[in-house]
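Listed in order, the protein sequences are those of chains P and E.
Each residue of the first sequence is one higher than the one before, starting from 1 at the first, in UniProt numbering.
Each residue of the second sequence is one higher than the one before, starting from 1 at the first, in UniProt numbering.
There could be a bad hint or two in this list.
The calculated label-pair distances, taken between Cβ atoms and stated as ranges, are [as the list claims (entries may be wrong)]:
1. P:425 <-> E:3: 39 to 47 Å
2. E:25 <-> P:373: 47 to 55 Å
3. E:84 <-> P:433: 55 to 63 Å
4. E:67 <-> P:323: 19 to 27 Å
5. P:258 <-> E:67: 15 to 23 Å
6. E:9 <-> P:258: 16 to 24 Å
7. P:227 <-> E:25: 33 to 41 Å
8. E:52 <-> P:227: 26 to 34 Å
9. E:52 <-> P:425: 51 to 59 Å
10. P:323 <-> E:9: 45 to 53 Å
11. E:9 <-> P:141: 33 to 41 Å
12. P:146 <-> E:38: 32 to 40 Å
13. P:137 <-> E:84: 52 to 60 Å
These are calculated hints, taken from the structure and not from any lab test.
A virtual CB, placed ideally from N, CA and C, is assigned to each residue, including glycine.
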Amino acid sequence: GKTMVKPPDQLDLSEAELKEEFTRILTANNPHAPQNIVRYSFKERSYKQISSVDQLAIHFVLEGNLLHKDSDEARRQRARDGIPEDGAEDAGDTEEGAGEERPDSLEISLGKKERKLTNQFNFSERASQTMNNPMRERECQTEPPPRGKFSATANQWEIYDAYVEERRKQEKVKEKQKVLSSKKEEDKGKKKLQLVENQSDDITKVAKVAKIIERMVTQNTFDDIAQDFKYFEDASDEFRDQEGTLLPLWKFQHDKAKRLSVTALCWNQKYKDLFAVGLGSYEFTRQGQGMLLFYSLKNATFPEYIFSTMSGVMCLDIHKQLSYLVAVGFYDGCVAIYNLKEQGPQPVYRSTARSGKHTDPVWQVKWQKDDTDNNHNFFSVSSDGRVVSWTLVKVLGGTLRLSLDLYLKPFLSCGTSLDFHKQIDYLFLVGTEEGKIHKCSKSYSSQFLETYVAHNMAVDAVKWNHFHPKVFMSCSSDWTVKIWDHTIKSPVFTFDLNAAVGDVAWSPYSATVFAAVTTDGKVHVFDLHINKYEAICQQAVVAKKTKLTHIEFNPAYPIIIVGDDRGYVTSLKLSPNLRKKPKEKKGQELPKGPEVEVAKMEKLLSLLREPETVPQD
Amino acid sequence: MAEVEETLKRIQAHKGVIGTIVVNAEGIPIRTTLDSSTTVQYAGLLHQLTMKARSTVRDIDPQNDLTFLRIRSKKHEIMVAPDKEYLLIVIQNPSE
Numbered sequence: 001g002k003t004m005v006k007p008p009d010q011l012d013l014s015e016a017e018l019k020e021e022f023t024r025i026l027t028a029n030n031p032h033a034p035q036n037i038v039r040y041s042f043k044e045r046s047y048k049q050i051s052s053v054d055q056l057a058i059h060f061v062l063e064g065n066l067l068h069k070d071s072d073e074a075r076r077q078r079a080r081d082g083i084p085e086d087g088a089e090d091a092g093d094t095e096e097g098a099g100e101e102r103p104d105s106l107e108i109s110l111g112k113k114e115r116k117l118t119n120q121f122n123f124s125e126r127a128s129q130t131m132n133n134p135m136r137e138r139e140c141q142t143e144p145p146p147r148g149k150f151s152a153t154a155n156q157w158e159i160y161d162a163y164v165e166e167r168r169k170q171e172k173v174k175e176k177q178k179v180l181s182s183k184k185e186e187d188k189g190k191k192k193l194q195l196v197e198n199q200s201d202d203i204t205k206v207a208k209v210a211k212i213i214e215r216m217v218t219q220n221t222f223d224d225i226a227q228d229f230k231y232f233e234d235a236s237d238e239f240r241d242q243e244g245t246l247l248p249l250w251k252f253q254h255d256k257a258k259r260l261s262v263t264a265l266c267w268n269q270k271y272k273d274l275f276a277v278g279l280g281s282y283e284f285t286r287q288g289q290g291m292l293l294f295y296s297l298k299n300a301t302f303p304e305y306i307f308s309t310m311s312g313v314m315c316l317d318i319h320k321q322l323s324y325l326v327a328v329g330f331y332d333g334c335v336a337i338y339n340l341k342e343q344g345p346q347p348v349y350r351s352t353a354r355s356g357k358h359t360d361p362v363w364q365v366k367w368q369k370d371d372t373d374n375n376h377n378f379f380s381v382s383s384d385g386r387v388v389s390w391t392l393v394k395v396l397g398g399t400l401r402l403s404l405d406l407y408l409k410p411f412l413s414c415g416t417s418l419d420f421h422k423q424i425d426y427l428f429l430v431g432t433e434e435g436k437i438h439k440c441s442k443s444y445s446s447q448f449l450e451t452y453v454a455h456n457m458a459v460d461a462v463k464w465n466h467f468h469p470k471v472f473m474s475c476s477s478d479w480t481v482k483i484w485d486h487t488i489k490s491p492v493f494t495f496d497l498n499a500a501v502g503d504v505a506w507s508p509y510s511a512t513v514f515a516a517v518t519t520d521g522k523v524h525v526f527d528l529h530i531n532k533y534e535a536i537c538q539q540a541v542v543a544k545k546t547k548l549t550h551i552e553f554n555p556a557y558p559i560i561i562v563g564d565d566r567g568y569v570t571s572l573k574l575s576p577n578l579r580k581k582p583k584e585k586k587g588q589e590l591p592k593g594p595e596v597e598v599a600k601m602e603k604l605l606s607l608l609r610e611p612e613t614v615p616q617d
Numbered sequence: 001m002a003e004v005e006e007t008l009k010r011i012q013a014h015k016g017v018i019g020t021i022v023v024n025a026e027g028i029p030i031r032t033t034l035d036s037s038t039t040v041q042y043a044g045l046l047h048q049l050t051m052k053a054r055s056t057v058r059d060i061d062p063q064n065d066l067t068f069l070r071i072r073s074k075k076h077e078i079m080v081a082p083d084k085e086y087l088l089i090v091i092q093n094p095s096e
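Make the full structure from the sequences, and use the hints.
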């Protein structure tokens with residue numbers, strides 16, 4: 001049987017509930033449609049609920065592929081397929097056709113031509129085209145502003161330079177303010193000159209640099225000499241007992257000086273590598289022009305300063321403090337002062353016949369200390385028998401001139417050499433042509449303090465000892481060198497050198513060392529402390545026939561310069577044996593300084609004063 | 001003027017000197033005894049090196065300044081001396 005089976009989970013309802021009527025309304029609302037779609041409104045910048053929600057529910061969509069035969073798509077298809085169009089469809093087509101001309105024209109060009117149907121009753125086609133303006137490009141370019149690359153660094157030294165420049169400008173402004181207004185035109189003229197100079201690519205500005213380079217190049221070429229000068233010490237001196245040697249270093253010569261003899265040598269006290277050479281001639285018959293050259297050890301190939309003179313230079317002296325002032329004595333009796341700071345080949349001051357020059361060659365000039373008015377002055381001695389003091393005096397108007405002051409009465413016969421005492425200002429020695437030496441004082445102009453009968457021939461040089469206040473030395477063409485104590489009338493030491501002695505010089509580092517040059521081209525170096533009778537070094541430094549005329553010790557370095565009669569100056573280094581200091585006793589400290597030297601000399605002299613020791617001839 | 005010319009001539013005539021060049025502040029050679037390409041090369045390179053060397057010296061002490069610069073190589077020695085506006089370069093073969 002068909003019995004109704006109740007499912008176990010069926011709702012159990014009562015009769016009343018079963019009879020309840022439920023109303024159901026059918027609406028067209030889509031139950032699945034959302035009821036609260038919210039859209040963002042940018043106008044109100046907030047989310048807004050959409051008022052009406054689409055209730056359409058699509059159940060099925062099928063795209064058809066039927067075209068109306070009058071539509072564009074259909075006509076295109078027909079054109080493609082080649083089916084001719086119907087004539088009745090004119091009016092409608094033309095409008096569409098006109099609108100669609102452009103895309104159709106493409107189709108026409110691709111496929112067959114589709115004839116355009118025109119209205120046969122009332123049609124007029126009017127096409128017009130406006131003039132297309134020819135396109136022309138017009139450009140304009142301005143000249144770009146000139147550009148320069150600028151780069152700079154801001155270093156410490158750039159800042160320093162800027163400050164220095166600023167300071168210089170300020171000082172210039174101050175100076176200009178002091179100048180009077182009437183001189184304005186002169187200044188303008190000068191300014192113009194300055195401007196012109198700055199503009200040209202001037203080679204003269206390289207002058208200083210060229211000098212440095214020349215020295216470098218010379219140093220390279222003469223490198224071994226420079227090394228020797230600085231560092232070489234002859235080791236063989238230890239084995240040589242007491243003797244020493246002279247090592248030749250640079251040789252200085254100048255083309256224009258070839259025919260002249262070296263007549264004077266002088267080291268500069270301030271710049272210890274600079275020395276002056278005076279060139280002239282000792283021959284009476286061969287008198288011509290002279291030269292004054294300044295050489296530096298740093299450049300042996302070319303002199304630093306060159307001065308040409310009308311007459312031969314016989315002597316020169318460099319001022320001890322103002323080392324740019326050089327006093328020169330000439331063969332024609334004139335004296336002149338050269339100022340190295342000034343440009344120009346002429347001396348700054350020159351004595352003339354009017355201002356009282358010597359009538360014979362001037363043999364020696366020596367600078368003195370400035371006098372009470374702070375004027376520079378120097379002494380000169382000449383064969384005309386006069387010792388003259390020259391002073392640079394400021395004359396009204398601003399210029400300086402020499403004025404002479406006769407010092408000794410002319411019963412002095414031809415003076416040939418002059419030297420002032422190193423410590424006692426007023427004391428000086430004059431050597432004469434007859435071989436006598438006179439000791440004089442500045443305060444007694446009419447009388448000599450002492451006369452020494454020194455030599456048989458003219459006294460070529462007299463030199464006070466640098467340390468001992470009583471000792472001086474003289475040399476002469478009679479082949480001898482004599483050492484004196486000025487309190488004793490006869491010489492303390494006498495040395496015979498077998499040839500005429502041109503010049504002698506004390507060493508600046510020892511009171512007992514001195515050197516002499518002779519006409520046979522030899523240099524003799526003596527050290528009385530080591531050997532009282534003989535030279536500790538006798539060396540020929542030039543070719544046989546050349547005579548040596550002058551010798552000078554360098555104040556700082558252990559070298560000597562010797563001048564000869566060919567115009568050459570040779571520099572030589574003294575080997576260690578020639579520069580010996582006395583050996584210190586063990587445990588005793590060696591006292592240093594000039595007192596030691598004085599004591600050394602004094603010891604020697606005291607030995608000689610005793611009657612037993614006799615100086616050897 | 002003539003003195004400087006003479007000095008430069010003497011330097012050029014000195015034993016072992018191969019060439020001299022004068023360079024201005026912009027690094028352009030204004031005077032030379034070498035051929036053009038070598039000159040330009042030397043001038044450009046040495047100008048920079050000198051500036052650097054000078055800068056070094058002055059940075060350490062602004063009151064100091066470079067006097068010269070020596071570059072010794074196997075074949076020769078290059079010497080450079082700077083000035084406020086100019087640079088002088090000399091190439092020398094010292095062992096010759």
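Using the C-beta atoms of residue 258 of chain P and residue 67 of chain E, is the stated range 15 to 23 Å upheld?
-> Between residue 258 of chain P and residue 67 of chain E, where Cβ atoms are some 34 Å apart, the hint is violated.
Look at the Cβ atoms of residue 67 of chain E and residue 323 of chain P and judge whether their distance stays inside 19 to 27 Å.
-> 22 Å, holds
Satisfaction of the hinted span 33 to 41 Å by the C-beta atoms belonging to residue 9 of chain E and residue 141 of chain P | 53 Å, violated
So the hint says 51 to 59 Å: do the beta-carbon atoms of residue 52 of chain E and residue 425 of chain P match that?
-> This hint holds: roughly 56 Å between Cβ atoms.
Taking the CB of residue 146 of chain P and the CB of residue 38 of chain E, does the distance hold inside 32 to 40 Å?
-> 33 Å, holds
That 16 to 24 Å hint for residue 9 of chain E and residue 258 of chain P (C-beta), does it hold up?
-> With a Cβ separation near 20 Å, residue 9 of chain E and residue 258 of chain P satisfy 16 to 24 Å, so the hint holds.
Cβ distance range 55 to 63 Å for residue 84 of chain E and residue 433 of chain P, holds or violated = With Cβ atoms ~56 Å apart, the hint holds.
Verdict for residue 323 of chain P, residue 9 of chain E (Cβ pair) under range 45 to 53 Å | Once the Cβ atoms are compared, 30 Å apart, the range 45 to 53 Å for residue 9 of chain E and residue 323 of chain P is violated.
Could you see if the CB distance from residue 25 of chain E to residue 373 of chain P stays within 47 to 55 Å?
-> For residue 373 of chain P against residue 25 of chain E, whose Cβ atoms are near 49 Å apart, the range 47 to 55 Å holds.
Residue 137 of chain P and residue 84 of chain E, beta-carbon distance inside 52 to 60 Å?
-> For residue 137 of chain P and residue 84 of chain E the Cβ distance comes to about 54 Å; the hint holds.
Are residue 52 of chain E and residue 227 of chain P spaced within 26 to 34 Å by their CB atoms?
-> 30 Å, holds
Residue 25 of chain E and residue 227 of chain P - C-beta distance against the hinted 33 to 41 Å | 36 Å Cβ-Cβ, so the 33 to 41 Å window holds.
In this structure, the earlier hints numbered 5, 10, 11 are contradicted, and the remaining ones agree with it.
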